[in-house]
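My request is simple: use the sequences and hints to build the entire structure.
Protein chains in written order, with full-length UniProt numbering: chain A, 1 to 327; chain B, 1 to 545.
Watch out, some of these pointers could steer you wrong.
Label pairs and their calculated CB-CB ranges [unchecked claim]:
#, chain 1, residue 1, chain 2, residue 2, range
1, A, 95, B, 410, 16 to 22 Å
2, B, 313, A, 284, 43 to 49 Å
3, B, 266, A, 327, 39 to 45 Å
4, B, 535, A, 324, 55 to 61 Å
5, A, 72, B, 339, 46 to 52 Å
6, B, 254, A, 72, 27 to 33 Å
Hints were generated in silico from the structure; no laboratory data involved.
Owing to the predicted nature of the structure, the values given are computational and were not obtained by experimental measurement.
Note that CB positions come from ideal geometry on N, CA and C, so glycine has one too.
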Amino acid sequence: MKYSGYAATYTLLTMVLAGAATNAAAGEVNLYTSNSEDAVALVLDAVAEQAPDIKINVIGGGSGSLLRRIEAEQSAPAADLFWSSGFSTLAGFSHLFTAYHSSEVDALLPALQADNAPWTGTNTHVTVIMVNSDVLDGDPPQTWEALMDERWAGQVTMADPANSSSSYAQLYGIYQLYGEEGVRNLADIVELQGSTSGVYKAVAQGEYPLGMTMEYAAQRYIHGGQSDISKIYPADGTFLSPEGMAFIQNGPNPEEAKQVYDLLLSHDVQEQLFDLTFRRPSRADLDDAIANSGLPLMKDLNIIEVDEAEAGEQRDYLLELWADARG
Amino acid sequence: MNRFFPWGFLSVLALIFLAIFVAYPILGVLFRSFIGDNGTFSLDGFETFLTRGKYLEALMNTVILGLVVTLSCSILGVFLAFVVARYDIPFGNIVLLLPLSVLIIPELISAQSWVMVFGNNGLVTNLLKALGLPFPRFYGWFGLIYVMTLTYYVHVFLAALAALRGFDHSLEEAGQSLGTAPLTTYIRVVFPTILPAVLASGLIVFTLVIGNFAISIALAQRVPLLSVMTYRSFISELGGNPTMQSTLATVSILLVSCVLFLQKRYLSKRNYQMVAGRTTPRIKLRGWKAILISSGAGLIIVLSLMPALVVLIGSFTVSRGPVMYWGQFTLDHYIRIWDFNLAVIGNSLTFASMATALGVCFATLVSYLLVKKRSVFSPMLDYLLLLPLTISGTVLGIALAQGFNSGPIVLTGGLLMVIAMTVRRLPFGVRNASSNLHNISNSIEEASVSLGVPPVRTFFNVVLPLMAPGIAAAAILTWVTTVAELSASVVIYQAGQETLPIQIFRLISSDLMARASAFGVINMIIILVPVFFGIKVMKVRLFSS
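Quick look at the structure:
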């Protein structure tokens with residue numbers, strides 16, 4: 001009895017020591033993510049099933065907060081992966097990332113492969129007009145051009161392009177379609193929200209009948225069963241606002257992180273994530289899932305191509321024009 | 001006996017602490033507002049502030065909002081205090097619990113609850129619409145003033161109630177026996193004596209209003225306000241402009257300093273010492289007066305408690321994404337927290353208990369030094385302790401984050417969170433801890449020292465037990481406010497350090513009210529448990545001062 005007691009203690013002790021020694025080495029990935037907990041839980045389940053020897057440590061938070069933390073930890077990186085944020089936001093932190101060419105990248109939509117950047121598209125937002133029929137007077141506008149009619153003055157809301165990257169993408173899209181005059185017309189009719197979430201909340205609560213927002217945000221209310229909410233894909237074109245994940249430079253567990261990276265881009269995980277969040281997947285082979293959800297297929301949308309680099313260069317000029325038009 | 005050691009030495013230590021964590025970051029903000037893009041002296045920040053339309057408009061709006069809400073809070077608070085102090089109304093005892101209920105509801109959640117009642121899709125709005133009655137637009141000024149009044153009037157209520165209870169009834173009788181009508185007596189005798197208390201609490205309301213961004217973001221995205229702009233300038237996902245952040249923060253510091261100065265000047269001319277006299281007897285009302293006054297007070301109580309009720313029900317309500325299915329109940333939101341978010345609760349408990357412990361130790365020591373061991377350092381301590389009052393949580397957060405992310409002292413994350421929470425409540429903690437210190441006779445302490453007990457042991461064995469009730473009250477109030485702290489921590493926290501209010505803020509931002517409510521209920525429980533323990537078991541008298 002006494003002997004087995006010692007043996008057990010000894011075995012336990014070796015296990016603890018071994019555990020401590022290999023703690024940082026095998027089987028762990030530190031994932032920094034701005035995604036919702038249910039999306040993260042889904043990924044954890046997928047990893048547990050397909051790569052059972054990898055344990056994921058999740059640090060969740062707002063993307064700004066996470067990226068600043070990665071920047072603060074630059075001398076001794078704790079994170080392996082960052083998942084996910086808008087391309088234009090990631091661009092401001094590209095010195096923290098290393099490019100990783102996943103084997104899954106070839107299956108992605110060309111616009112989301114981000115070949116020249118140290119990140120990979122995971123999903124993309126599509127700009128829509130969110131409509132609350134409960135407070136809408138008449139028929140909703142079917143194009144951006146119709147939306148910018150003065151008849152809708154004060155009834156349309158969007159996020160401040162100076163504060164939000166997806167809102168700037170909307171402004172840039174309008175500029176591409178209708179030039180400076182379009183920007184002025186838009187400035188005349190919209191009222192601004194301080195943040196992206198302010199837009200869909202305001203429309204859902206009936207503060208405004210119309211809002212320029214992201215497809216998934218409107219879809220959450222439609223799927224949730226709020227019958228007075230609908231969304232319109234303007235016939236004169238809509239804009240994408242892609243999001244991506246990135247591989248952290250000098251992260252502690254590069255090999256395992258690569259496995260998780262591949263997994264996040266895999267067919268099954270992207271399909272499940274789409275069913276959960278309605279964020280359009282970056283993969284090109286998920287049309288069935290999209291059709292099942294009731295959202296239109298990518299090929300049926302009239303998408304205005306945006307040159308991200310040019311959009312970035314024009315930013316100061318356009319925001320100045322915008323501020324001027326807003327008076 | 002060395003005259004410097006230990007009290008002078010401790011005063012210097014306290015002074016150093018305040019200099020590092022209060023004066024240095026705040027001066028840094030003021031300093032940086034005069035530094036331009038290229039690192040040299042520049043007035044660009046202020047030029048932008050004065051010439052770009054929306055900044056001045058935001059300043060104007062902020063001042064107007066601050067004044068209007070302070071006024072409405074004063075009316076509501078004094079009315080309720082008067083009713084409770086003077087009349088024997090049915091809900092008298094419930095009214096005394098009010099302060100708790102309003103202090104523990106996260107203000108964000110209360111704003112969101114009111115949107116559910118009065119918003120364009122709200123319960124009352126739809127009811128009135130069905131009856132064909134128009135209801136004013138809740139978003140914007142109306143909602144702001146309404147929600148802020150109901151959130152902050154409690155501060156005035158408490159101060160006015162304490163003053164009214166301390167009022168010597170014989171003064172009023174004297175007035176009336178000299179032939180002055182009862183109403184005139186109220187206005188000429190009673191109100192002037194409670195005015196200093198009302199003004200002092202009004203100042204607190206004013207600073208809370210102009211520093212608040214949570215309610216403003218929820219209700220009035222279109223009304224430009226200084227607090228919201230300051231917050232956004234710091235949190236902008238596209239990277240803010242440091243000069244503008246500091247300029248906005250500086251403007252808000254100047255604004256509160258001006259009001260603080262005016263209030264001090266006014267109060268310095270009016271100082272009433274009330275000799276403890278007879279408390280005014282409570283009158284039992286009858287007839288229509290009773291109905292009118294009780295229902296007025298009852299309405300305020302019901303309205304104050306309403307958000308807590310909405311939160312409680314909301315946390316058990318089925319939701320699909322952002323859409324709530326009222327009337328269908330579930331435990332899902334709590335199960336999710338259990339599965340995923342225990343760390344958030346842990347963060348809240350850790351930060352708040354560390355901040356409370358640090359704050360209470362500091363407040364106890366400093367109040368003792370200031371009341372009993374005044375030295376050449378005391379005036380300096382007094383002034384430094386006033387500083388946290390002049391800045392809103394967001395500005396303090398920005399000051400600490402900017403001050404300690406580079407330079408001689410580098411601090412981030414958890415420690416900075418604790419310091420922010422501690423510093424914010426320090427002036428109140430010191431006031432609470434010193435509340436009964438004035439009544440402790442010096443001779444008790446001197447007796448102990450003259451019998452050969454060293455001063456430090458005397459402090460622990462003799463003075464500390466006598467200070468205990470004040471310290472306990474300070475601890476509980478610090479706990480209540482640090483657990484609910486949002487505006488400073490939300491600009492400091494890093495990933496993995498989310499507290500309950502931060503999590504609630506993020507969930508409400510994505511319109512997930514049901515889940516936010518479940519966090520709100522947990523937040524309320526965490527706040528309430530120690531309070532009940534304090535009141536029931538340790539018999540702490542809260543709100544006595």
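Hints and how they fare:
no.	hint	in the structure
1	95(A) <-> 410(B): 16 to 22 Å	20 Å, holds
2	313(B) <-> 284(A): 43 to 49 Å	45 Å, holds
3	266(B) <-> 327(A): 39 to 45 Å	40 Å, holds
4	535(B) <-> 324(A): 55 to 61 Å	59 Å, holds
5	72(A) <-> 339(B): 46 to 52 Å	29 Å, violated
6	254(B) <-> 72(A): 27 to 33 Å	31 Å, holds
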